[in-house]
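Engineer: First to last, the sequence lines map onto chains D and B.
For the first sequence, our numbering gives the first residue as 1, with consecutive numbering after it.
For the second sequence, our numbering gives the first residue as 1, with consecutive numbering after it.
Source of the hints: derived by calculation from the structure; they are not laboratory data.
Be aware that a few hints might be false.
As a list, the in silico BS3-like pairs of lysine-lysine whose alpha-carbon atoms are at most 30 angstroms apart [said to hold, decoys possible]: (1) Lys101/D / Lys11/D; (2) Lys110/D / Lys6/B; (3) Lys110/B / Lys11/D; (4) Lys215/D / Lys195/D; (5) Lys110/B / Lys11/B; (6) Lys6/D / Lys101/D.
Protein chains: 2
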Amino acid sequence: MRDEDKPEIRKLPLFRDMSAENFETLMQAAYAHTFPAQLEMIRQGEPADFLHIMMEGTVELFSGWRGRETTMAVVRPVSTFILAACIKDAPYLMSARTVEKSRIIMIPAKDLRATFRLDPEFAMSTITELANCYRSVVRHAKGLKLRTSRERVAAYICRQSRLAGNAASFILPIEKRLLASYLGMTPENFSRAIKALQSDGVAIDGMRIIITDPKALEAIAGPDSLMDGPDGNSEFPGADFPEVPWDAKQREAM
Amino acid sequence: MRDEDKPEIRKLPLFRDMSAENFETLMQAAYAHTFPAQLEMIRQGEPADFLHIMMEGTVELFSGWRGRETTMAVVRPVSTFILAACIKDAPYLMSARTVEKSRIIMIPAKDLRATFRLDPEFAMSTITELANCYRSVVRHAKGLKLRTSRERVAAYICRQSRLAGNAASFILPIEKRLLASYLGMTPENFSRAIKALQSDGVAIDGMRIIITDPKALEAIAGPDSLMDGPDGNSEFPGADFPEVPWDAKQREAM
DNA sequence: TCGCACGGGTGACAATTGTCAATTCTTGTG
DNA sequence: CACAAGAATTGACAATTGTCACCCGTGCGA
C-alpha cells in the first residue's frame, strides 16, 4: 500500500486512537488492491478474511436470495466495511461488488482480532464503531417498516439535503436503480415516487434534485432524528451502512 | 437485586469472561425493578441511562413514527438489551414496554462504560456481543427486503422449529399480533399467510403450529443460514427448549 | 353470572407495490 | 460521429398488502 494512504486511514474513528506502534503493525500486514468496475469481490457466505478499507471508488454491498437481489449499502471513501464478520470470524452476510474502479486496502481479519486484544484504545474504537453500525441498520429497518416507499424517498432527499449543508439542490451520488434497491423498492416505483413528489416541493432534472418547497417536503418525509440521524456525538455514520456521503464530486457540481 | 440472580447473569456471554472483581463492582451498582404488564418503561428518544437485563417476564421493543408502530424485537430472560445506546451515550432508538409483569435489572450506563475501559475481557465480550447484534439486525433487514410476507412467516416457522430441536410442532411464544408486527405485516395479513401455508405443510391450532410436511414448508421458506442463522460459532444458549425466545440475538442494544 | 374488552379470524374493498413491455435517454466505445 | 448497451421512464396490468367492518370466542372483573 501507498504511504500516503496511512494518514487518511489514521483519521478514521476506528484507527484514530490506537497506539502508533500497533497502527504501524496493522498497516504492515495490510495490502492494497485495485479492482475494476463491476467485479464481485466478496461473495456472501464465504469466510470473512479481511477488513476492507475503501480508498477510492465506490462499492455496493448487496444480498441475494433465490434470484432476488437487494442493495444493503453503498460505500464511499474513506471508510471501512464488513467489520462485524471479521470480528466474529463468520461468513459474510452480504456480497460486495465495485460500482466503479476502486482501490481498496485489506487488513487480514486475524491481525485485526489480535490487535484489539492488545490495544485497549483500539478495542474501545471498535466498540464505538460497532455500536454506530448497529444503530445505523436499526434506523434502516425502522424506515422500511414504518414508512411507505414514497416517504422513504422523501426522507432520503431530506437527509441528502442536510448532508449537503441544507442545500436546496444536490446531485444524486449513485445510480437511481441502486438507490431504489437500497430504499427497498423497484426502479419503476422509485421513478414514480419522485414524480409524485413534484407536487410536494421536489423537482428533478436528470440526477439533480431540487427542493422547491422544503416545508412541503418535510410534511411528507417527517424527518426524525431517530430514523434519519444524525446520531448525537458521531460525525461519522458508521462503516457498514453509511448514508451516501457528501463528497467532492458533488461540491464541484453545484 | 437478589444474590441468586448473579450466577444467571454471570452465565451470559457478555459477563462470562470479565474478572470476578469487576463483575462484582458492576453488580453493586445495579439495582432491580419489577414492572407491571403493559408499562412503557423506555421511551424512544430519551437518553440511555441503563443497560437492562431481563430476569423474568417479557418485554417488547418497538418503534413509533407518526402514529404508526412496529415491533422490533421481543426480549425474554435471561438476556440484556439496549447495549448500543448505552455505549454511545445516545438516545434510545426504540421504546420498550412490558408484555407481562417483568423483573429487570438495570446497570447504570456510566458504570458500564467505565468497566470496559478497565477490563479488556469485558471489552472483548462487548465487541462480540455487538457484532452479534449487528448481524442479527442485518438478517432481519434482509428478510424484510428479500422475502414476501408469506415467505417470512414460513421462514419464521422453520426457525422456531429448528430452535425447538427440529420439532414438528411448537407453541408460538408470543401473541400473533406482535409476531405479525415483528415480521413486518398486519395481523390480518399474518392470519391469511398462515392459512395459505396450510397447503404447504403447516397446520395451526390456536397458538400451536404443526409442521405436517417439512419439505413443502422449506420449499416456501427457503431457509438460508445467512438470513435465518445460526451464526457459525455461536454457542448461545438460545436452543433451550420450550420457552424459546423467538429471536435469540437481535434483542441486544438499541 | 353477565358483560365487555380484546385477541383473533374473515370478507370485501382500496391502496400500494411489483411485473412486463415498450420507448427514450445517456453513456461509453469503436 | 455513430452505434450499442444499459439506465431511466412510462403505461397497462397483476399481485401483494393494508384497511375497514364485522364476527366469534375467551378471560377477567364488576
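Engineer: Each hint: holds or not?
Structural biologist: How the hints compare with the structure:
For the given pair, Lys101/D sits about 23 angstroms from Lys11/D by alpha-carbon distance, which is consistent with the 30 angstroms threshold. Note on Lys110/D and Lys6/B: the hinted pairing is violated, with a Cα-Cα distance of about 34 angstroms set against a maximum of 30 angstroms. Distance check on the hinted pair: Lys110/B and Lys11/D sit about 27 angstroms apart at the alpha-carbon level, within 30 angstroms; holds. The suggested pairing of Lys215/D with Lys195/D holds, with an alpha-carbon distance near 18 angstroms, which does not exceed 30 angstroms.
Proposed proximity of Lys110/B and Lys11/B is supported: the alpha carbons are some 22 angstroms apart, at most 30 angstroms. Annotation: proposed proximity of Lys6/D to Lys101/D holds, straight-line Cα distance about 20 angstroms (limit 30 angstroms).
The structure fails hint 2 only (numbered hints given earlier).
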